[in-house]
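Top to bottom, those sequences are chains L and B.
Residue numbering for the first sequence follows full-length UniProt numbering, beginning at 1 and increasing consecutively.
Residue numbering for the second sequence follows full-length UniProt numbering, beginning at 1 and increasing consecutively.
Hints were generated in silico from the structure; no laboratory data involved.
Every value quoted in this text rests on a predicted model; they were computed, and no experiment measured them.
We treat Cβ as the ideally placed atom computed from N, Cα and C, and that holds for glycine.
It is possible that part of the hints are untrue.
[To be verified] Computed list of lysine-lysine pairs in BS3-like fashion (alpha-carbon distance at most 27 Å, straight line):
| # | chain 1 | residue 1 | chain 2 | residue 2 |
| --- | --- | --- | --- | --- |
| 1 | B | Lys42 | L | Lys197 |
| 2 | B | Lys42 | L | Lys200 |
| 3 | L | Lys47 | L | Lys190 |
[Said to hold, decoys possible] Residues from chain B shown here face chain L by an in silico Cβ test under 8 Å; the list is partial:
| # | residue |
| --- | --- |
| 4 | Thr45 |
| 5 | Ile49 |
| 6 | Leu50 |
| 7 | Val54 |
| 8 | Ala56 |
| 9 | Leu59 |
| 10 | Phe60 |
| 11 | Val63 |
| 12 | Ala64 |
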Amino acid sequence: MTLNTFKNVFFSVLFLAISFVGYATESPENENDKEFNAKEMIMHHVKDAHEFHVVDWNGKPITIALPIILWTDQGLTTFMSSEFHHDDSGSHIVEKDGMRFVKYHEKIYQLDANAQEVAFDAEHHPTNASLPTDLSITRNVFMMWISVIALLLVFISTARVYKKSNNKVPTGIAGFMEPLIVFVRDEIAKPMIGEHKYNKYMPYLLTVFFFIWINNIFGLIPIINGANVSGNIAFTLTLAVFTFIITTISGNKNYWKHIFWMPGVPVPMKIFLMPIEIVGMFVKPISLMIRLFANITAGHIIILALMSLIFIFETIAVAPVSVAFALFIGLIEIVVTAIQAYIFTVLSALYIGMATEEAHH
Amino acid sequence: MTITGIAAIGAGLAAIGAGMGIGRIGGSAMDAMARQPEIQGKIQTSALILAAFVEAVALFGVVAALIV
Chain L
1 MTLNTFKNVF FSVLFLAISF VGYATESPEN ENDKEFNAKE MIMHHVKDAH EFHVVDWNGK
61 PITIALPIIL WTDQGLTTFM SSEFHHDDSG SHIVEKDGMR FVKYHEKIYQ LDANAQEVAF
121 DAEHHPTNAS LPTDLSITRN VFMMWISVIA LLLVFISTAR VYKKSNNKVP TGIAGFMEPL
181 IVFVRDEIAK PMIGEHKYNK YMPYLLTVFF FIWINNIFGL IPIINGANVS GNIAFTLTLA
241 VFTFIITTIS GNKNYWKHIF WMPGVPVPMK IFLMPIEIVG MFVKPISLMI RLFANITAGH
301 IIILALMSLI FIFETIAVAP VSVAFALFIG LIEIVVTAIQ AYIFTVLSAL YIGMATEEAH
361 H
Chain B
1 MTITGIAAIG AGLAAIGAGM GIGRIGGSAM DAMARQPEIQ GKIQTSALIL AAFVEAVALF
61 GVVAALIV
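Using the sequences and the accompanying hints, generate a full structural model.
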């Protein structure tokens, strides 16, 4: 991967990765290396991390440390990410339970028993260290928990309003949530799945819709360093796998017949269509996964790239143009948060609808 | 030319294709909405879904360019 082939990777922690107001400061130990590397800055922002990088103050990063949980040969090891002292180059060694760890490119490596410091091969892979299973609370995990808490607060209070009001006109937060829930039911579930069967899938569709939406919105908040949850391929993969499992389990006889022995076409065509349909079964969730991941990541990259223009041209004259364009893209991104949540839900519903459709010929 | 440059050109070509596709979808949807404003909602839904399908192809190009 090209990320690892770049020489000056040690520069990555030094940049404030804030969506709208990113600015750079130079580190004291890297004084000769003054070149601004936009790619490093952007990738540092888009990828998952073991700490929240809030701001650089007088060349020193201010971060919120998060716990690191490792499963090693000798069992569970935990410590705070602050023990690495903001080091991401693998030079700071943390000793814990008789084992030594380094952090390099946001990966925790365990040094071999006799190694004094971590050594790299030409591809920038450590040669004398191994990767323990990393179960850390990274910033993506942390932001996901915050989204879960926010959703629970909103929906539990919504449910409470309905319980109290005896099905009268909803008040307060329920009045705000009801149109959204009715929208998912009437515009997504009913037309895609059908009047009779949609009810069973409503909990999944509502969960996916609101979870993706709130994570997209949290990704745009600059001050929490825009934890890029829904732009993480593991996150979208998990959601796509849920859709795949639900589609496969609820698939009826008609659905499987269309995959393995397409009705209404001659036999050579049936044989020809079978592998295509089987591949199509897997391509659907894969395209769901890539669509959400690429859309959200692309949005973050565009905003950061526009801000980077100021530092690439090294003049303040570009700043008004950059800020104006970044603001414009930022506003579009607010619309995109909702559209992508809607698209993911609609396509999930469409696939479920295809799987549960009754034969009509 | 490096492999990264070629990948970038490929991503650009994918974007051209998606632009043409989404442009056609948007134009036709607008036409249809102007002719039959009463089914505007339905047309909008299908246009968005189709745009998502077309856009996915461009995004495959972007992802391929990113990981090369």
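To see whether the hints hold, each was checked on the structure:
1. B:Lys42 with L:Lys197: This hinted pair holds, its Cα atoms lying about 21 Å apart.
2. B:Lys42 with L:Lys200: Cα-Cα ~24 Å, so holds.
3. L:Lys47 with L:Lys190: 37 Å, violated
4. Thr45: 7 Å, holds
5. Ile49: 6 Å, holds
6. Leu50: Given a least distance of 11 Å, the restraint on Leu50 of chain B is violated.
7. Val54: 11 Å, violated
8. Ala56: Holds - the Cβ of Ala56 of chain B comes within 8 Å of chain L, reaching about 5 Å at its closest.
9. Leu59: This interface hint holds because 4 Å falls under the 8 Å limit.
10. Phe60: 6 Å, holds
11. Val63: This interface hint holds because 5 Å falls under the 8 Å limit.
12. Ala64: 10 Å, violated
Consistency note: the structure conflicts with the earlier hints numbered 3, 6, 7 and 12.
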